[in-house]
Structures are given as C-alpha cells and as structure tokens.
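For reference, the chains in residue letters:
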Amino acid sequence: MRRETLVNLGLALCLPAVALTALALEEPFTITLATRATILALAGVGLNIALGQGGLVSLGHAAFFGIGGYAMGVLASHAQSFEPLMQWPFMLEGTKSMPVIWLTAMLASALAALGIGALSLRTSGVYFIMITLAFGQMLYYFAVSWPAYGGEDGLSIYVRNDFPGLNTLDPIQFFTLCFILLAAALFLTARIKRSPFGMALNAARQNPARVRAVGIRPYKVQLTAFVLSGAITGLAGALFADLNRFISPSMLSWHTSGEIIIFVLLGGVGRLFGPVAGAGLFLLLEQLLGGVSDYWQVFLGMLLLSVVLFARGGLIGALAGREVAHD
Amino acid sequence: MTDPVLAVDGVTKSFGGLAACRDVSLVLWPAEIHALIGPNGAGKSTLIKQIAGELKPDKGRIHFLGRDVTHMDVASRARLGLGRSFQISAVVPEFTVLQNVALAALGAERSVFRFMRAALSDRSMIEHADRELDRVRLSHRRAARASDISHGERRRLELAMALALKPRAFLLDEPMAGLGTEGGLEMTALLSQLRTEAPILLVEHDMDAVFSLADRISVLVYGEVIATGTVGEIRADAKVRRAYLGEEATV
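Chains A and B are the protein sequences, given in the same order. Our numbering numbers the first residue of the first sequence as 1 and each following residue consecutively. Our numbering numbers the first residue of the second sequence as 1 and each following residue consecutively.
Note that these hints are calculated values from the structure, not bench results. By construction, the Cβ of each residue, glycine as well, lies at the ideal position given by its N, Cα and C atoms. Some hints could be false.
The calculated DSBU-like cross-link candidates involving lysine-lysine, where the alpha carbons are at most 35 Å apart (straight line), are [stated by the list, open to error]:
id, chain 1, residue 1, chain 2, residue 2
1, B, K56, B, K239
2, B, K59, B, K166
3, A, K220, B, K56
4, A, K220, B, K49
5, A, K220, B, K239
6, B, K59, A, K220
To spell it out: a stretch of chain A is covered by chain B in this simulated footprint if at least three of its residues, at any positions, have a beta carbon under 8 Å from a beta carbon of chain B; those stretches are [as the list claims (entries may be wrong)]:
id, segment
7, 197-208
8, 212-219
Start from the sequences and build out the full structure, keeping to the hints where you can.
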C-alpha cells in the first residue's frame, strides 16, 4: 500500500476515534467538536475540487456554504412557524427533513455556482479571485439586509432537523450522519480525480492551450467542476447550520471563504485528504491555542506562512511525501 | 481533381498598424507535406494561430475538409481533425507520458464528461495511446513524468498527442527546433512516415529538413506569400533568393 493511502486511512479513522472516545468518556462537547471538524472538512473537500484539481482559487466559496445554511434555515423556520414558504403558484411548505434540506441546499448552491462560475470563469488569475470575492460579498450584504430571516442578527432554529430512524439531537448520531456524508464526498472526489473528467480538469489547470488543442474546452470542464464544488460546500453549509441550530450572514462573509481555503492549504492543496487534515489541524489549534491567548490566530498565521514557504504539500505532503502520478 | 484538405483564402490580420498577414492564400493537398518558410517576423506564427483558431482573421476565410472553419474555436477545429504541435513544447507537465497521450485520445473520443470510472482503466484507449507512443518510439518512457523527459522526447510526445487525435491534417510549428543534428534527422524520418497518415503543414527553420521533406514550399515575407512551388522552383526563384535566402546564397 502506498504511504499516502496509509496516511489517509489513519486520518479517516481519527475523527470517529475521537468521537467514540468522547462518547465513552461522556464528553458531548468533544463529539460536537469532532462533528464540526467533519463538516468543515466537507466544505474543504468541496473547495478542493475547484482549487486543488482545477487550480481555481475561489475566494467566494462562503457563498455556497451560506446558501446551504440559509436553505436549511429558510425551510426549517417555515416548518417551525407553520407558515408555508409560498402559496402561489403552488403550495410549498417548510420542512424539517434532513434529506430534503440537503438536496435543496445542494441544488441551490449548485445553481448559484453555475451562475457565479459562468461569469467568473471568463477571467483567470487575480481577476477570478476578485470576482468570486465580489459575488460572495454581494450575497453577504444581501443576507444582512434581508429582514425576513433575521437579517444581521441571524436566525435560530429551535430543534435540530430530523433524519428518518435517527435521533439527530444525540451528538454521536448526528456525528455519524455527517461522517458518512464526508466519506461519500471523499469517495466521489477520489473517483473524479482519476476519471476522464478529472484528467481533463487537471490538465486544464496546467496547460489550457494544450487541452484546447486536443479538442477539449477548458471552460466547460472548469464550470462543471465549479458547480460540483459549490454543491458539496453547500451541503456542508446545511450541516453546519444544523449543528449550531443557527444561521447568520457570517456564514457568507469572506472570512468563511478564507477559512475554507486555509483548511485546504494546511492539509495540502489537491490532496484527497488535505481538507480533512487541514480542518482537523485548524480546530485542534483553535482549542489548544485559543485557551492560551485570544490572539491564537497569530500562531495560525505563522503556521500558514511556513506551510506556504517550506511545505507546499501541507500536512499530507509532510506525512506522505510528494504526490505520485497515478496510473 | 481532389479537394484540398486545408484552404487558406485571402487571410489578412493586423495588430494596430502592423499587418502580420496580408492576403495570404495557401492550400494543403492530401498526402503532401507543405512547408511554410520565411524569415523571423514574417507572420508564420500569426498564420498558424489563425489556422488553429487561436486568432480570428480580420479578412479572408479558412476551409478545413470542405467546411468553413473561420469562426470555429480551437477545440472544434481539433475535433474536426486538426492535430497540432506547438513552437514551444506544450505538454501537461505533471502527467506521465502515457497520460498525456491518453488525454489526447480522450479529446478525440469526446469522452471527457465521465466522472466515475478511472480514465486509465479504459483498455482500448490505453492500447490506442500506446500504439501512438510506439510510432514515435517513446514506449520506453511511458511512465515518466512529462516534465522529466528530454527536450527531444517532449517533441516526439507532442507528435504522439497529435497522432492520437486521429488527425486529418497536421499543423506542426517548428518540430525540429532545438533538436540538434541527430534529433533532427530522426524527426525528419518520422515526419516522412506521417505523410501517409495525413498531410502536414510544416513551419520550419531547418532548411535541410524542409528541402528533404517538402513536396511544396510557400515563402512568407513581411506577411505576404511571395512564392509557392516545388523545392526546385523555390530554389530557382529569384524573388525568394533576394528576399529570403540572401543575394549571395547558393542553395
């Protein structure tokens, strides 16, 4: 077995190991922490398709994270107030069902990614970064000024949404749900990476002119990747909202975009388990250093700096070495 | 009479006040190697880019396989069967040699939008890619990263990628550049075999290669075709001697 596979396997087992240990020690807070790491890793897995495989530095992924969160908030708030979402042209009720909320969140963020991507991908480099940032901030200010769902103050959902056959308020059961979704997303990303589509996406990052010359349009490939990426990050947003039972515009702010990028960078850009390692490390630092100083992000900054300067492969790169060309 | 594979008809392209191509017309017939020569700055690259689809001509039309492709983009022309090599080697550096050729095969088969099966588990596609690698004698390097192989090998890899498109015409931009004497001879031998596969429009500075390979030659000077003809005709042409080969030159 290759070293990276072993490292990945170890990382995959880390999260449930932490959650189960916490369960045995009756520390629900730690289970919630592991759940948060899982959900943030999922957001990073989404971004990693665009950023890692496609080389598309999106500073607007908070838009999809937030849209996923608001999809959950809107549906659940109507369900808890028993007011239909709309009555014309057809009756649409709110819902507390997780599967329905997940699908809505993914669909809504995929649509947003289609629109944002279709325009942003006409640019590249710094312009792409700025235009995705601009779209993200547009949505942020929209949410701030939209009173129907709490505006600036955000919106509380009193009871966590339901999943058939599970008690989602039990931390370990909710963790398991999130972990299964993360595993599914990782499986999907691994398959995509080796697929013809993944090959074209990776090639388009490295040499778009060559890709065109063999009859493939980079734009179409990258837009598809951007939509997939947005949908997965949107799903993570819905789960994050459910974890906190709270949504607010801060989910849409560019800080959130930056944090998701940090997960990917810390873990290793383009590495399958990079976001898992990155999100895990980020929360670990937050817990360990956050207790020492309110300014713990200074240390995070130094760590990031050293990753960018000395360890381009991030944590996965440090543990498993340079990525081998797969065949 | 057969139809031309590629026909450039009155193509004009200016950048600001500078006319890079002025009313350029040339024709590529089946099974021929048509060389395009000219001093630096004559507009060869501009012409190649317009034929490939990277640049749109200001005036004139380009027909490929009887279809007007003037307004088609690069990818569409590649799909029609325009196999291309670049002046400066363009491969996918992080991919292996085999993956590079497989990418071209994917483009040719238009099977890019598949998400779940590993690209390299497609037997027939890999066999196809390996066949092309074998033809350019690069099979022994199939597992090497494209960034690690030598310049000459990268040149041949580009050729294999063009071949994997199952092209109806080759557009080769200085395939001999930087190859040295031995590499140049090897490439010359390779290209003369390709002629049977599809006609070649060859931009080249290496005159030995041009004179030994080309069926016909077009000479481009200051954006204009000043002569088109067989090797013998071009060698004898007074205008060409004056403008390009130098007054004193004996070729």
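Here is how each hint holds up against the structure:
1. K56(B) with K239(B): Within the cut-off at roughly 30 Å; holds.
2. K59(B) with K166(B): holds, 30 Å
3. K220(A) with K56(B): Holds - the C-alpha atoms of K56(B) and K220(A) are around 21 Å apart, at most 35 Å.
4. K220(A) with K49(B): holds, 22 Å
5. K220(A) with K239(B): Given that 35 Å is the threshold and the Cα spacing comes to 48 Å, the pair is violated.
6. K59(B) with K220(A): The given pair, whose Cα atoms are some 29 Å apart, holds under the 35 Å limit.
7. 197-208: holds (count 8)
8. 212-219: This one holds; 6 residues, not fewer than the three required, reach chain B with a Cβ under 8 Å.
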